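**Q** If you want the building blocks of each chain, they are given just below.
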Amino acid sequence: MSGDLLIALQNVGVRFKFRRSLFNGDYFDALKDVSCDICRGDSLGVIGRNGAGKTTLLRLIGGIIKPDRGVIVNNNVSTTLLAMQIGFDQELTGRANALVSGMLLGFSKKQVLANMEKVIDFAELHDFIDRPTRTYSAGMKARLGFSIALEMSPDVLLIDEVLGVGDAKFQKKSMAVMKEKLLSDQTIVFVSHSAAMVKSLCNKAIWIENGFTVMQGDSAEVVGAYEQSMNDNG
Amino acid sequence: MLGTRDYLQLIQIKVAGNLKAESSRDYLGYLWWLIEPVFKMLAYYFVFGMLLSRGTEDYVAFLMTGLIPWLWFAQTVSRSSMSIVSGKALMMQVYIPKIILPTIVICQDAVKQIIIFFSLLLFLYFYGISPSPHWLSLPVLASTQLVVIMACSYFVASIVPFMNDFNYIVSTGLQLMFFCSGVFYSLDIIPPRFQQLLILNPMASLLYNYRRALIYHQWPDWSDLCLITLGSLLAVLVMWRVIKRLDHIYPRVIL
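If you read the sequences in order, they're chains R and B. Okay, so the first sequence: first residue is 10 according to the working numbering, each after it adds one. Okay, so the second sequence: first residue is 361 according to the working numbering, each after it adds one.
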C-alpha cells in the first residue's frame, strides 16, 4: 500500500511565544516530540483531543511554520491545506478569485486556466462566475472554494475536518467526491475529532496528546486504543 | 511548487483585479483618484493661500505639484503597513512569500499614479504653465520616488506584525514628514541651517526637484536623485532579505 517516502517528521517540537507587553513573555509548547512518516498513497489520520497539537502538526507539514526542534524532510513535494476560499477577495470576480486561489494552492496560471471550466461546472456557478464575489451568497462562495480545492490537488493534501458546505444536495455531492479522494491514491493527512471517520477513511493513524505521540500505526488499532482511553477517562 | 515567475503573475492578477474592483465600487470610479488631490489642494489653498496669505502667484500649481507626489507616498506607506497583518488568514492556509503582500499594494498604487501624473501635466498646461523639455524628467523623478516608497513600505510592513503599536508611530511619522517636506511651503522660507536638515528627507528633496522640472523649467538635480535612488535601493535589498528571513516567523506572531 505504501510507496516512497514523501515527508518525514523527526522529533519535531513547536513552541509558541506570547508577548504580553514589552518585557513580559510567556510560552506554550504546542508540540513537544512527534515523529511520523508520510509515504505516497498514504492516508494518515491524526486524532487527539482539543488542543493536542493537531492543527499545529498540519501547519508544520504544510510548510507554513518551521519547527523549533527536530527536522522535517520534505522530498520536494507540494502540500496544501484543503482550505475553502483561499485568498478570496470580496471585490474580485469569481473567476479572478478562482485563478488566484488555484495559484496560491501551488499551480501555474496555465494549469489553473486549463482546469477552470471543471471548477465552474462542479461549483454550478456558470451565471455568476464573472460577478464580484461579494454578490454571492455564503453557499455559492463555499461551493466555489470547495471546487477549487478539490480540482487543484497537491501531492499531499492536508484536511482539517471535513466541512459541510452549501445546501444538502451540494453537501452530498461534495462528501461523495471527498470520500473518493480519501480512498484513492491521493496522499492525504486528515485531522479529525471523529475517530470513526478516521477509522473508515484512513489506512494509518497517529494519536497525539499534549504534544507527544501516544501511538501510531494501523488506523483500526490506533483508533481502538484511542476510543478505549476516552471511555476510561469518562 | 511555484517559482518567481508564478508569483509575479500572481501579483499581476491581484493588482489588475484590485484596480478594477476599486473603480467599480463607487459611482465616480476612477475619477476619485483625481478628485481627492483636488479637494486637498482646495483645503490647503484656503488655509495657506487665503487665510495666512502665504500664496505666491502660482500657488495652486505649486501646491498640486507637491501634493500629488506626497499623497502617493503617504497612501502607499500607510496602506502597506497593515498588508502583512491582513494577510493573516491566507498565510495560515498556504505558504506564500510574505514580500508579495506589500508588493501588491505598491504596484497597485504605482499604476494609479501614472494616470494621476498625466492628469497633473494636463492641469499644469491649462493652468498656464507652458510645457517644456524638462517635463521629460518626470519618469525619472517618479522612478526615484517609487524606490523611496518601496524602501519605506517594506520597512513598516515588516515591523507592524511584531508590534501593532508601531502603526500609531507610522501615522505620526507620516504627519511629521508631511510638515517637513515642503508640500505647502517653499524650502527657502525656513532658516538656512534647517534647510540642510530638511534636504536629508528624501521627500523634501524630491518635491523640490518635481517643482524645478514641472513649474520652473529647470532640470532636476541629478546628483540628488542618484543619491536617493542608491540609498533607497540598498534599503529595499536589505528589507527583502529581512522579510525573507522572517517568512516562517510571521504566521507564528500574527495570532
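Warning: the hint list may mix true and false statements.
Simulated restraints on C-beta separations [said to hold, decoys possible]:
#1 Q535(B) to R58(R): 24 to 30 Å
#2 G363(B) to F37(R): 57 to 63 Å
#3 E218(R) to L594(B): 46 to 52 Å
#4 D194(R) to A449(B): 26 to 32 Å
#5 K127(R) to C586(B): 50 to 56 Å
#6 S193(R) to L368(B): 57 to 63 Å
#7 N527(B) to A17(R): 37 to 43 Å
#8 K127(R) to W600(B): 49 to 55 Å
#9 L388(B) to A17(R): 36 to 42 Å
#10 S193(R) to S479(B): 52 to 58 Å
#11 V86(R) to T364(B): 17 to 23 Å
Okay, derived cross-link-like pairs now, DSS-like style, lysine-lysine, Cα gap no bigger than 30 Å in a straight line [unchecked claim]:
#12 K190(R) to K448(B)
#13 K118(R) to K380(B)
#14 K380(B) to K75(R)
#15 K119(R) to K380(B)
#16 K380(B) to K41(R)
#17 K119(R) to K472(B)
#18 K118(R) to K448(B)
#19 K448(B) to K119(R)
#20 K182(R) to K208(R)
#21 K26(R) to K604(B)
#22 K41(R) to K472(B)
#23 K604(B) to K118(R)
#24 K472(B) to K118(R)
#25 K448(B) to K75(R)
#26 K26(R) to K380(B)
No lab work stands behind these hints: they were computed from the structure. Computed from a prediction, not measured in an experiment: that's the story for all the values here. Backbone N, C-alpha and C define an ideal beta-carbon position, used for all residues, glycine too.
**Q** All hints are to be evaluated individually against the structure, with a verdict given for each.
**A** Status of each hint after checking the structure:
1. Q535(B) to R58(R): 24 to 30 Å: Since Q535(B) and R58(R) have Cβ atoms about 50 Å apart, the given range 24 to 30 Å is violated.
2. G363(B) to F37(R): 57 to 63 Å: violated, 36 Å
3. E218(R) to L594(B): 46 to 52 Å: holds, 50 Å
4. D194(R) to A449(B): 26 to 32 Å: holds, 31 Å
5. K127(R) to C586(B): 50 to 56 Å: holds, 53 Å
6. S193(R) to L368(B): 57 to 63 Å: Given range 57 to 63 Å: violated, Cβ gap about 34 Å.
7. N527(B) to A17(R): 37 to 43 Å: At 41 Å between Cβs, range holds.
8. K127(R) to W600(B): 49 to 55 Å: violated, 37 Å
9. L388(B) to A17(R): 36 to 42 Å: Roughly 57 Å apart at Cβ, these two residues miss the hinted range, so it is violated.
10. S193(R) to S479(B): 52 to 58 Å: holds, 57 Å
11. V86(R) to T364(B): 17 to 23 Å: holds, 20 Å
12. K190(R) to K448(B): Holds - the C-alpha atoms of K448(B) and K190(R) are around 28 Å apart, at most 30 Å.
13. K118(R) to K380(B): holds, 19 Å
14. K380(B) to K75(R): violated, 37 Å
15. K119(R) to K380(B): holds, 22 Å
16. K380(B) to K41(R): violated, 48 Å
17. K119(R) to K472(B): With Cα atoms ~28 Å apart, K119(R) and K472(B) stay inside 30 Å; holds.
18. K118(R) to K448(B): holds, 23 Å
19. K448(B) to K119(R): Judged against 30 Å, a Cα distance of about 27 Å means the pair holds.
20. K182(R) to K208(R): holds, 22 Å
21. K26(R) to K604(B): holds, 20 Å
22. K41(R) to K472(B): Distance ~49 Å between K41(R) and K472(B) Cα, so the pair is violated.
23. K604(B) to K118(R): holds, 24 Å
24. K472(B) to K118(R): holds, 25 Å
25. K448(B) to K75(R): Holds, at roughly 17 Å.
26. K26(R) to K380(B): Cα-Cα ~41 Å, so violated.
When held up to the earlier numbered hints, the structure conflicts with 1, 2, 6, 8, 9, 14, 16, 22, 26 and fits the remainder.
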